[in-house]
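Protein sequence lines, in the order shown, are assigned to chains Z and F.
Take the first sequence: its letter number 517 is residue 517 in the working numbering, and every next letter is one higher.
Here the working numbering runs 781 ahead of the position in the second sequence, where the first position is 1.
If you are wondering where the hints come from, they were derived from the structure by calculation, not from laboratory data.
All values reported here derive from a predicted model rather than from experimental measurement.
Note that the Cβ used here is the ideal one computed from N, Cα and C, for glycine as well.
Accuracy of the hints is not assured; some may be wrong.
These stretches of chain Z come out as covered by chain F in the derived footprint (C-beta under 8 angstroms, 3 or more residues) [unchecked claim]:
#	segment
1	34-44
2	64-70
3	144-150
4	154-163
In case you want the letters, here they are:
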Amino acid sequence: MAKKKTKPRKKTQKKKSGSKPDLHPEAEYAFKTIQSHPAVFDRVNPPRPLNNGGFEIDLEMEVPMPARAMRGGASWTGVRAKEPILLLFPRTYPFNAPTILLRPDFNQSFPHINPIVRVKGQSRISPCVYDGPIDELLHQTGDGLSEILNRLVDWLGKAAINDLIEDSQGWEPIRRDETFGWVVYELSGLRKCVLDKSGALAFRCDIRELKNYDSLSYFVGGIDCQQPQSISPFVIDNTFTKRNSEWPAYGSLMLFVWPDKEQIADQYIPENVHNLLGLYDKARAFGCEKKLKSIFVELGISLKRSYLKRSVFYIPVILCARRPCKLINDDESLELIPYMAVCHAEERFQYGETAIKFREDSTVLPLGHRHAVTGKLLGQMSGGMDASGKGTIVHIGCGSVGSKIAMHLARAGHGPFQLIDNSAFSPHNAARHALIPIPDIPGLPKALFLAEYIKKLGADAEPHMKDFTEICQQSEDLKKIFQDDTRLVIDSTGSIAVRELLADLSSGKICERLLHAALYQGGETGLMAIEGGNQNPNLSDLIALFHDQRVEKRDFGATLQYSSDTMSRQDVGLGCGSHTMVMPDARVSLYSAAMAERARQILEGNADQNGELWIGMLDSSGFQVSWQKFKLGQTGILKVKVKNEWKIRILENALNQIEKEAEAYNDIETGGVLIGKISLSRRCITISRVIEAPPDSVRTRCSFVLGTEGLVAEVNEVRKKTDGYLNYVGTWHSHPKGGDASAVDWDCLAQMKKIRFGAPALGLIWTPEGYKAILDEGKLA
Amino acid sequence: MKPTITFFPVGNGDMTLIKLGDKTTILADINLCSSTDQDGNQIFDATAALRENLETDAHDRPYVDAFLLTHPDQDHCRGLKQHFHLGPMSDYNFDPPEGKELKIVMREIWSSPMIFRRASKNHPLCEDARAFNTEARRRVKVFRECSTLSQGDRILIIGKDENGKTDDLGSILIKVDEVFSKINGTANDVSIRVLAPIPVQEVSEEEERLSKNYSSVILQYTFSVAGQDDACLFLSGGDAGVYIWEKLWDRKRAKTDDLKYDLLLTPHHCSWHALSHDSWSQSKNPAISQDARSALSQGGECAFVVSSSKPIQNDKNDPPCWGAKQEYLSILSSVEGQFFCTGERPNQEAPEPMVFKISAQGPQPPTKQSTSVGGAAVGAGSTREPLHHG
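Construct all of the structure, not just a fragment, from the sequences and the given hints.
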């Protein structure tokens, strides 16, 4: 890999006259390591100090020759059995690796060669011996320098038999992993501009310059491949301006040049361009020199006629080479090679000259390429699928948890988003949020704010600054938000109202999946509930299961005890408070990262038919969360019409309990007590568990009399452990021979009503044909 | 990719893997044991190394396109039953017992009934050899019944058997001096000349001598690379003894190209008995058979000779034999060739598979790599810190 060199135009440091630089303290050890390498010939010259504080060592390396090349001392590719090597060790060795240089006349037509290095006036080849940062290779093993020499002799051995690359892999683009900056452009967009006939185009661009000690780097962006510019004085005056930004950026024109269709560049030539003359040579090798020169002339004319009075112009140039086969990991054979030309105008103007001419020794630096931010790129970097265009995410709640989940998903390439939140970003929100407040713009709606950031990640995001409960009243809005391609709805509102609304809405099939995310007890516990396929089980079932687990699991049961301390009024301004939980941003992230990962998996196809309940618990360290998963199968659903229509939802576990009991007493009636949650607003009773009939119950062929022994205590225990979320909701009994509710059953319901103080009471009947139910609506009757 | 020939350090035994440009694999012999040093410490895991070098099919089964058994001694077929699938492909076990790996599929096998016949005259065959023989017979039976063969049933019979027993085998019989280039039913960039087994001799004494001379399949592989038809000649001679090389020279002295090589795998792990009728350890002046030496002297320019053996010491041991090595060095000196021993490279303490790449200019030996800091047996270079992300 190339080592970044100092600014090329800057003259190398001159050593002080008369003083001889000291030898680097590590030079002797490097020398010994090199001497001991089995592929290094015995005579290694001692290290020599360099003026920059580093040192150099030259040596000869034994390259294995194929049998029939042995006598000649060189293979047909020009690699010698004894290859001279120059190692340039930087001042920062052993933390940075040496630059490997081969002899000046080494065959250049190989792949895996870094940009050409100029040393003492000579162009030297630098082989790319490692597919990664060579500085890291130096430290990966205990003996990094030997490892680099191992790689070098391997590289030379492969070069000797032309085995550096497999032809079937495709064409290796010119090595330029480390360059003097990069250009962001959409590769496919620029390739589309290439016509069969040679041509050149100019595009507006923005350039930023970055200085690191004495080296300069250039970063080019803002290129719209669909908007080529005609070059004119007017365009120059409007383009070559300073951009308004905290970091200085300058406008310029980027030139893109390509050759005729017939011009195939089928020779590997390493990067060797240093100045404008070299750039013309390179363009000639690719077959587009004429076009490059003529567009520079065109630029020179317009610059001369413009109001711009400068002598140095920063012109990014992208040359196109047509390769004989597809590039590695690419479907195209067009290789685009970017440069930064720091063009100096000829100093000696002649009166009446109509164009600025650029000096041929103007510095030209190789630049890298970066893909623009797109869902495809982000998905690739996240190791996931190309998620773009795979379905919409409806995200309700853009607060701390929600913003973090949404940003994680957007960074993984997912989207588009429909973002719903009716509140504005308040300064105190900055303590826990994915975004940072903009001081000049108060009252920015969270949904809008988040949408702006998500759009910067290449995904579409439509903000809705409305209350979700209101949206649900507007069928037009609802239709607009929940489009046909909705893949996932995420509820991170922290609102019970929204949760209840979603539990009801989901029955109307609004999306493929719904994920509810919530934190409890100042981040001591986190909850993730994911509805099953076809919204069965739904969110209300999963929340009932969550509380049902509090009955069984002492560990998180205790932490969830309701406390008035957990949600408190925090002073966020004079006389103003916010009803919120107090916890640090990092703790929110501990949970939201896991939630986002599960959401990403679901979006990428990893979801089964069951519902999922994930309960995360923060341990005593304060930074470790362990998640427990509970699967929930399908819920049994009944509708009972009394005055109102009621839904009875029996969770998988309760269903199994009833079935098992009924089958055990297959010819006599049996029964038990139903525990669950009654929602008056939704007219829904969710049964999460069944208490077995007390021992004093009486089972006969035609009746079941529920006993009372220990029953009250058991029901109270459940109520206590769940803070009353789960409670007695009614009874069940079996009719093994089938049939509807009997007069006795109705009588029993009437008796229950007396002790229910207005709460509804359910009488559930198991029959071989299915469930039947009778219901007293209590105060709603 | 360039074709490669890999010699594994499996002690005094043979295990050679040929990988062609299209990744077709030919495995000649196996000795799947753990190489140990003098103190019994494992220094090389042959099974793991072999498996690492094999391709896997669409069902994740490791496979070789062709498996050749040059000679049915234990050091040429050790581990066959344990690591290779034997029997019809329909019986393949995709669910191996815990701790075991999926067995290796031999898409085609190359077997010589004549060699088995001669070997079994002198000593009982080992279990792995018997298993190979049973598999070969099964495949021949399938051929006789169906007349065509599919992957996993394919077989080539190398050399005619006695009394016309193989005369009906038509397309799967490759006779001595014939050249074939179809591997697992597909023509490839290698042509293979069958030099031995030497056909059955009419004089019973001669036949008896062949039986006692480690009769082996001897093949000359000619690789074609980048349009160069004879890019590399590789001669492999199994365990063949001196009498066989004399007979070969007798037959080929007027056609020495058939014995030519750029790369030679020394017969019988650099045994003296491939070159001499005398005992290395017991004779005072053991004599070289000039004919056998001539047969093994047809190395081309800068040829390479490989001994698949333990390290070769200057002692009375045979094989590997110090005297034989000196003789090969003498042969190589005339062509400026080089000698390699699998047990010595890169060092005796930690030998590694030796890979020769085949280029248009002949075979290229492996590069010299540093494996240690200051000569320690276990090199600092063998430990590598995982890369982390920041």
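Structure-based check of all given hints:
| no. | hint | in the structure |
| --- | --- | --- |
| 1 | 34-44 | holds (count 4) |
| 2 | 64-70 | holds (count 7) |
| 3 | 144-150 | holds (count 4) |
| 4 | 154-163 | holds (count 7) |
In the structure shown, no violation is registered for any of the earlier numbered hints.
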